[in-house]
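As they're listed, the protein sequences go chains P and B. All residue numbers for the first sequence refer to my numbering, where the first residue is 435 and numbers rise by one. All residue numbers for the second sequence refer to my numbering, where the first residue is 435 and numbers rise by one.
No lab work stands behind these hints: they were computed from the structure. Errors might be hidden in some of the hints.
One copy or two, it doesn't matter: identical chains are merged, so the pair holds either way.
Unchecked claim - Computed list of lysine-lysine pairs in DSSO-like fashion (alpha-carbon distance at most 30 Å, straight line):
(1) K629 to K796
(2) K517 to K488
(3) K795 to K629
(4) K614 to K629
There are 2 protein chains.
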Amino acid sequence: MQVDLISIGNELLTGLVENTNAGYLARRLWTKGIAVREQRVVPDSIPAIVRALKESLDSSEVVICTGGLGPTDDDLTREAVAKLLGRPLVIQQQWLQRLERFFEGRGYPMPPANRKQARVVEGSRLLPNELGTAPGAIVPAGRSWIILLPGPPQEMRPLFETEVLAFFEEQNFRPSWQTKIIHTTGCGESLLEEKVRQVGLPEGVQLSPLAMGGEVVLQLKTHIAGRAPAALLEEAARRLREPLGEYIFGEDGETLASTVAALFTGRGMTLALAESCSGGLLADTITDIPGSSNFFKGSLVAYSSEVKVSLLGVERGLLEKQGAVSDAVARAMARGARRIMGATVGAAITGIAGPGSDSSKKPVGLFYTALSAPRGEECRRTLLPGTRRAIKERASQALLAMLWRMMRPGS
Amino acid sequence: MQVDLISIGNELLTGLVENTNAGYLARRLWTKGIAVREQRVVPDSIPAIVRALKESLDSSEVVICTGGLGPTDDDLTREAVAKLLGRPLVIQQQWLQRLERFFEGRGYPMPPANRKQARVVEGSRLLPNELGTAPGAIVPAGRSWIILLPGPPQEMRPLFETEVLAFFEEQNFRPSWQTKIIHTTGCGESLLEEKVRQVGLPEGVQLSPLAMGGEVVLQLKTHIAGRAPAALLEEAARRLREPLGEYIFGEDGETLASTVAALFTGRGMTLALAESCSGGLLADTITDIPGSSNFFKGSLVAYSSEVKVSLLGVERGLLEKQGAVSDAVARAMARGARRIMGATVGAAITGIAGPGSDSSKKPVGLFYTALSAPRGEECRRTLLPGTRRAIKERASQALLAMLWRMMRPGS
């Protein structure tokens, strides 16, 4: 089974809206063992949508379209599918009533434009959208299927996760493969590949490594037709764990932040941060994890020198002699964060994210990451080229990696 | 003139890597008055790339491809273009020497695999990549052009901004339109449209409104063939400024954060934050702006109650009686941030980002945003449904909007 993804909307072709739907669906389908053949983005235009659908149905059994289901004149996805299949659009009474109730609940009558959102291509199944006015639909198209989902990601995602995945089960769409992802940090891509070659993988398991930020992701994949794919993947992972153990921080959906969060929570320890050049990005990353309030005390984003002195207790002399971007100041910031927030561990980042340097003339991309913990202190110096944003990201990842190495079992 | 965008890479079809290149190029081309007809994502496969290129060249004068220019066996974009055009790949000696010097500079000989990165389709122009080993290329294809750019965004973007835009100039590719974007906040999309209808726009100016987060973006566009497009857009903007003035915070590339940053910097004022449910996101947004250290003192991400008490000076009784998510605590946090960092203005966010509520049983999505400034205090209560991330984003935007309303000229 193969899927094509078509994202529909002028706002995607003008770049005003980021197309996150295609990436989300691709990732979820891949994890479910379903191949995405191609993605495309087409405008809100009946001929363009019809042409893309035709080309996709030539190759793929399922085409998932997102967008173009709104109430305005620009929203033409339903009309394009009806035209392609030569079938009429009919009002789905139940959804019409639901829309009317929805607007009544907000205290005003349904605008006439929204009526078209209750129209479905004859013979299709409506997918109720709990979070908006545009329902999805599954439209049979000969021996293939066209699946329509609303464009807003917060409406599209739940419909995909419930209705579309249930439909795949119902139709007995078998996954083509099973996958496992191993996340590593601290070892370069080519050295990792060399180590993997030395241990060898079980026959039938493919490996694709991918370097991203400070991480190398190892994708393992095995075809479902083989014997016991889950056991085969587990055997592959087992073989990797020995030579790569010190670099592996997680599997599948885990991230450095979620792994660190689980380690802190599991041990009943707490964390406080002091951030300079990362500007709050690390605190933001950590607090994206539900339940992070169980171990995360907070972060002092100390962007000015006075704040480093008055709140973190960094000595003014140190700042003047060594500069704000230095080993000694990073350590003092980590100690300060730990002390003032009463945390088990304090951690700090200071650096130069650019585009200009500070008065010290140190190079853009230089940063120090430091830890202060019951069993001692440590600090690392890193110099990486990149944009302001990239340096913020790499510095945050570097500090998470230090926290992980300190906290991991056996360390 | 019309452009197609083709993003090449298996890692995009498995969703492991987010495709940010297509959105970036679409946005930049639209701003330059150039239409993008279609975007597509295809795998690292010669037949798939050839087929996509053929279909695109049927409709568009220029096809920009990103990705597939690396040194590995998977990187097949050069080979696919050579196959499509029936022209050989030839070694470009100058780039080969550059690659050899690049690796020498790193202290080891060039791996044999990298040699292919010096191969170009005969008759094409190489675009030197200052930040990586994969050069871009401009390949004439009959009366059309195929432009190849490397996949990593930090390498792709500078090549596009310099070489590709210069090539468009050189070829006398005239823009089809000129645009102006007006950013508003605080007024719903339908009410804005109503107000625009009342003033009317000059003939030849099209308006597309788009609601995104807490913002409504008004895109104005006029065809270049008309008389004095810049003056026409300026006239349209002028007509909008009267009825919408109180909602307009910026134009074109401006954001709420950049507007607020410019207002603080221009007046020599400073800002300190106290963030609870936004978890550092607002500090991160502000510090993405180069030069933000001129006005931004820092943020205390006070995720735990003790930190609110011990560092921000919020009274424990207040927290116990009103709860951390309350008008009184938000105000106390703003005052505390202002005082401890010695800033002109203090600003704070406290709320419930979910997925669960806190012990108070207040609803997920409830947040308070508060300001403490020389001329007084204010606080707003908001309740919005959404995911944890969406609530963090909306709360940060809401506080930026309050800062803007306080600081804007005439307020």
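Hint by hint, here is what the structure shows:
In this assembly of identical chains, the alpha carbons of K629 and K796 never lie at most 30 Å apart, being 36 Å within a copy and 52 Å across copies at closest. Taking the shortest Cα distances, K517 and K488 sit within 30 Å of each other both inside one copy (11 Å) and across copies (26 Å). For the identical chains of this complex, K795 and K629 are neighbours neither inside a copy (40 Å) nor across copies (52 Å), given an alpha-carbon limit of 30 Å. In this assembly of identical chains, K614 and K629 lie within 30 Å of each other by CA distance solely inside one copy; the values are 18 Å within and 54 Å between copies.
Violated hints for the displayed structure, listed by number in ascending order: 1, 3.
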